[in-house]
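Start from chain Z and add chains X, Y, A, P and R according to the hints.
Number of protein chains: 6
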Amino acid sequence: MKLLIINPNISRGVTDLIEAEARRVSAPDTRIEMATARSGVAYIETRFEALLGAHAVATLAGERLGHYDALLIAAFGDPGLAALKEVLDVPVVGMTEAALMTAAQLGQRIAIIAISRRITAWYRECVDRCGLLGRLAAIRYLDHPLGDPGTVQQDHAARLLALSRLAVERDGADVLILAGAPLAGLARGLKGQLKVPVVDGVSSGVCQAEALFCLRAGAALRGSFAPPPAKPHLGLAPGLRALLDAGGS
Amino acid sequence: MKLLIINPNISRGVTDLIEAEARRVSAPDTRIEMATARSGVAYIETRFEALLGAHAVATLAGERLGHYDALLIAAFGDPGLAALKEVLDVPVVGMTEAALMTAAQLGQRIAIIAISRRITAWYRECVDRCGLLGRLAAIRYLDHPLGDPGTVQQDHAARLLALSRLAVERDGADVLILAGAPLAGLARGLKGQLKVPVVDGVSSGVCQAEALFCLRAGAALRGSFAPPPAKPHLGLAPGLRALLDAGGS
Amino acid sequence: MKLLIINPNISRGVTDLIEAEARRVSAPDTRIEMATARSGVAYIETRFEALLGAHAVATLAGERLGHYDALLIAAFGDPGLAALKEVLDVPVVGMTEAALMTAAQLGQRIAIIAISRRITAWYRECVDRCGLLGRLAAIRYLDHPLGDPGTVQQDHAARLLALSRLAVERDGADVLILAGAPLAGLARGLKGQLKVPVVDGVSSGVCQAEALFCLRAGAALRGSFAPPPAKPHLGLAPGLRALLDAGGS
Amino acid sequence: MKLLIINPNISRGVTDLIEAEARRVSAPDTRIEMATARSGVAYIETRFEALLGAHAVATLAGERLGHYDALLIAAFGDPGLAALKEVLDVPVVGMTEAALMTAAQLGQRIAIIAISRRITAWYRECVDRCGLLGRLAAIRYLDHPLGDPGTVQQDHAARLLALSRLAVERDGADVLILAGAPLAGLARGLKGQLKVPVVDGVSSGVCQAEALFCLRAGAALRGSFAPPPAKPHLGLAPGLRALLDAGGS
Amino acid sequence: MKLLIINPNISRGVTDLIEAEARRVSAPDTRIEMATARSGVAYIETRFEALLGAHAVATLAGERLGHYDALLIAAFGDPGLAALKEVLDVPVVGMTEAALMTAAQLGQRIAIIAISRRITAWYRECVDRCGLLGRLAAIRYLDHPLGDPGTVQQDHAARLLALSRLAVERDGADVLILAGAPLAGLARGLKGQLKVPVVDGVSSGVCQAEALFCLRAGAALRGSFAPPPAKPHLGLAPGLRALLDAGGS
Amino acid sequence: MKLLIINPNISRGVTDLIEAEARRVSAPDTRIEMATARSGVAYIETRFEALLGAHAVATLAGERLGHYDALLIAAFGDPGLAALKEVLDVPVVGMTEAALMTAAQLGQRIAIIAISRRITAWYRECVDRCGLLGRLAAIRYLDHPLGDPGTVQQDHAARLLALSRLAVERDGADVLILAGAPLAGLARGLKGQLKVPVVDGVSSGVCQAEALFCLRAGAALRGSFAPPPAKPHLGLAPGLRALLDAGGS
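Residue numbers (the working numbering), protein chains in the order written: chain Z, 1 to 249; chain X, 1 to 249; chain Y, 1 to 249; chain A, 1 to 249; chain P, 1 to 249; chain R, 1 to 249.
The set of hints was computed from the structure by calculation and includes no laboratory data.
Yeah, the Cβ is synthetic: ideal placement off N, Cα and C, and Gly gets one too.
Hints should not be assumed to be uniformly reliable.
Ranges between beta-carbon positions, derived for each pair [what the hints assert, rightly or not]:
id: 1; chain 1: X; residue 1: Arg222; chain 2: P; residue 2: Thr151; range: 50 to 58 Å
id: 2; chain 1: A; residue 1: Thr151; chain 2: Y; residue 2: Ala20; range: 55 to 63 Å
id: 3; chain 1: P; residue 1: Thr151; chain 2: A; residue 2: Arg170; range: 47 to 55 Å
id: 4; chain 1: Y; residue 1: Pro145; chain 2: P; residue 2: Leu221; range: 58 to 66 Å
id: 5; chain 1: P; residue 1: Gly134; chain 2: A; residue 2: Gly189; range: 28 to 36 Å
Chain Z on its own, in the form it takes in the complex (with noise of 0.2 Å):
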């Protein structure tokens, strides 16, 4: 399987870390092809960025179309997931659909880790749009400016641990997501040194997508994921345009 893995950000340090998460975690006859997005900003936290990463991974996604099996959105809230879904005829994987799918068959009630106190709020639009806001324990996050999102499992090691407990004693979690693609590869660091399940996004991504290519479960031709009805269009770069093309014939 070709597994197509896009950074909505425009940050290549945590292209990398993302990159390294993945080859660790996929299977021998998993293809990893990573891609960054070329405009956006260094670190989705809002709504407003993520209207930038929605395009700029629907741009890339449109460009390389046919050159992939599965595609992964490697940014914590999934930009531009459910419209993605619409326009590809293979499986397309969000980090947190797929760390709250993955999350959700190791206990009942989730926490997320997140580092930063405004990215919560998209966080929460998002488990409710996967229609789990009744399992969210508690978003608890990272209280302190980030600095390089490239080191923030280093410079926060400590912090994110004292979280997690945190949301383990006090707000009743049974199992914790470590949101954000900066935070790649930290779940496996302190799995040790947590006493329930940790999910990481990049990796449940890769699992995931993994599964349900190989359940081959058939592309939407009704219903709501359906291709866009063929209809006139203007302005639209080539990516854009071939996505909608492909599906509205």
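For chains X, Y, A, P and R alone, kept in the frame of chain Z given last:
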């Protein structure tokens, strides 16, 4: 008040419909300015098309930054609405949100009349994001191909009336929303023939924009609608950059 | 437009506060008329007091039937609101409902600042009836005895400001509602000092009444807000009888 | 135990129906006393009529204060129920609430059979206030004019039976509530002919009142059902004043 | 009425506590018979222990089939409750369900006081299955090791009182449930010291069983609580077989 | 990875169906071992039958403790799933849960096709426990007697296809789950003929088990899925005792 109304679709005929209805209902001291998306599709029915529309709306809103006191996004589904609330310090109103908040004051259970089956999933998710899914009685829809979006009202008048009646008699709706910019003004036309209050997206959008402007509730400097934190960005069109710069200062 | 504003409490001092704020925000062609409950309590905090207030509001609304184009029930909790929508064919607006529908367009998560602990249960049920419980971030309240409801704002200014800040910083509210007619106008005063949009019950009530009147959405002749079916009645005061007779024809 | 049963409607024929059923089911040491609203309508179907009924119930409950050990409000929709729980220190039971809490122990999904279409919106809101909307399978209703509320059972027996069957076969109900005081006793009559447990409002109201009295769970002196705080009041009938004075001490 | 009360735990000391409280509250014509699980654990706190308890309860209920008019499952969490409702044609009452349905008539928001932290997740899921999660104010719990379940009340009296007060003052509860058979009877003891109604699992279970028996609502022959369809089975103990055979005829 | 798959029913023919499908989809390094319940019924449709199945699954899982790396409970409704997650420190997967979490990544609204009417209530409660009731479009079911569970697919192929189409066209489902072990493999057969993704319980169960094993998220030592606290027990079969002892150390 200067009200900028952006049609997120590329169809100028629909822009004209919207403008006519907006001018009819607006207060004497409201100056209306129209804009039409330069990129996107003729009519947004899906999540992917909404992604395109959101980007087009944001670009236009950024280019005209500083030249309006309130913004109305004039397509049902409100593409880009939450994102733009973050970066603008003037009221940003969406047709769906305004229609729902208006309808919610006129009846307990709300029905939406839509112009295609495909569009209903997107509308439903929109009502859910507003938190009002519990008050949705039904979404009923035209089940025949639309033809020209600019003449939907005339082409399908009898069917739209029949759908409205079914929503009241079968679904128990207390109030109706005629959804989609192409239906702008139809509510006025049908009012005599229906037996419950009927809400139009464009006119409720204009009235809610006037109400919000009048209240001067203040801008968000904290919370999840504060401007995105300043951070590196790349490859953004001038309009989008302007929005990031305006907020991130 | 002739707007009748009824204070469901017997406190004339609060009626004056309401009137001042209403006149300040209303459009030039809105004529405001005030009425104060002839029976009931000084300040509604509980369900039983709301029962008394609802009866008083209905009586007054019936006595003046035909002499107003819209009605604003000017107490938080909206005593009698849904009932009066059935029997009146003009827009009926409640302070809570109007504030919530306004706030819902300014932020995703809403906090309410209340003037006593006891009142919060009633407010919460009110938000629930509006279907917006999922968007309620918190209700925070003054925990000291009020003294004179007419001077709450001055007596407790610093505490109200502190509560508002907690709602933003701790509860994650994007928008605040300062609840209760005795706080009419306070939103204007605090705006400079808070960092999120602040909504006032009276002024949003007036603006929503103007918006609904302007939209002329039509009266309910079917559905659950149609007038009650005609049937025998007994022992009702003239105002109440007028409402039944108006609707039941 | 002395059980006061108040019919919130003015129809003495229905009071007789209620009394007969109540006497049939009550325990040997339960003394039943009946009261009929002195003001209001013949049959409550709407929110406005419920407002009238609530006022009438409160007035009677206040006039007889001290002369009963439990109160049953004998109309579906429970007019005044939550309000009276605040001011009385004896159990206050509503027919809907009692029927729902009884039915919830007999099946997972509950259907209500109602005597008019108009009444269903009010019932639905009542189920919602009880927090059991998620367990409501359906509300089915007689769609023909009632005629005399005192003879609904006989006039519409076949149709009521058919509705009950549809609720089981089509709506997946596990248990039925025959709603409305005019149907008092019908559950007994239909039991042989239906295939799921059937709950009657009056008899479940009596049994729940007996259960609550027997448990002596204590009165509310704190929380949202404590008596309203003492404060100035004006223009209230003696019964209502008695309730305020009883609580506010 | 012959009421069989089964303690799903193996602790005979707790059976005695339950019996004492049950006899104290039951009506003169209720004959109480007790049974204690022959297999399982000393005190059910988890889902796995509940699985064991459910099996033990079912076995006992089947062995005594035909010898009781109602069954009370006397452990919080109601192990086996829904399953036994399918195969028995007499009322089956659970301590949690009965306590919740009782409490829901005494206050709007309910708090549960539990005897260990671990047990709270199971209780919460139980409230959710009853559909009343929206009315749950909080679950507070003893955070120290229990010692002997038969003497929890005496050993932790002060702490249980303190937890109850916090539930009212901090969590906004209107009514309390003292949960777990080991707390049977404590509600009576604390009533004088608390300021809101307090509900006991055992006594509300007995009263609800009496109420359901008295109402004779009929057995389920259709719907999801009808007996399981007859089909091959294997390897079941005589009690379990009796239940299948009773229903599947 | 060694994957133990337990059929909670006594029907060996269905075990064979499950095994065939599991072997077809599993990864090269997954070793599958099958087990069939020694006690219980031929096909679980009800809560009581699920109680029997849960006990049988737990017994088998305990007897083979230490001999598998992951456990798949291969009946829809997931009997014993949450309980076994507490006592096992390897991933425990349920067919329903796995199918739902898979389907939730393929479409927004999910429909379930079931093999009998009776089974639908149990499935619905299962979806509710997963927290995904808000995403359930419908449960459609075969309404004719099954005959042999081992040949349901062949006997009812046309009807199953018709039900699937109705779920898409009428209920607005974006994705289908063919539910029940007897339908194992049918999804592959129908895929060509349906227009939306189709999820099979067995194969998604296997793939999710592989994903969870691969992620090595860690065991629960705290939270509500930690092993039950050690305490006295009595009368348990060796398998069940092994599970308690394993966890309670």
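So, going through the hints one by one against the coordinates:
1. For the hinted restraint 50 to 58 Å between X:Arg222 and P:Thr151, the CB-CB distance of approximately 52 Å keeps it satisfied.
2. Distance hint check for A:Thr151 and Y:Ala20: the Cβ-Cβ separation is about 56 Å, which falls inside the suggested range of 55 to 63 Å.
3. Taken as a hint, the range 47 to 55 Å holds for the pair P:Thr151 and A:Arg170, whose Cβ atoms sit roughly 53 Å apart.
4. Restraint check, Y:Pro145 to P:Leu221: a C-beta distance of roughly 59 Å satisfies the suggested window 58 to 66 Å.
5. Roughly 35 Å separates the CB atoms of P:Gly134 and A:Gly189, a value that falls within the hinted 28 to 36 Å.
When held up to the earlier numbered hints, the structure conflicts with none and fits them all.
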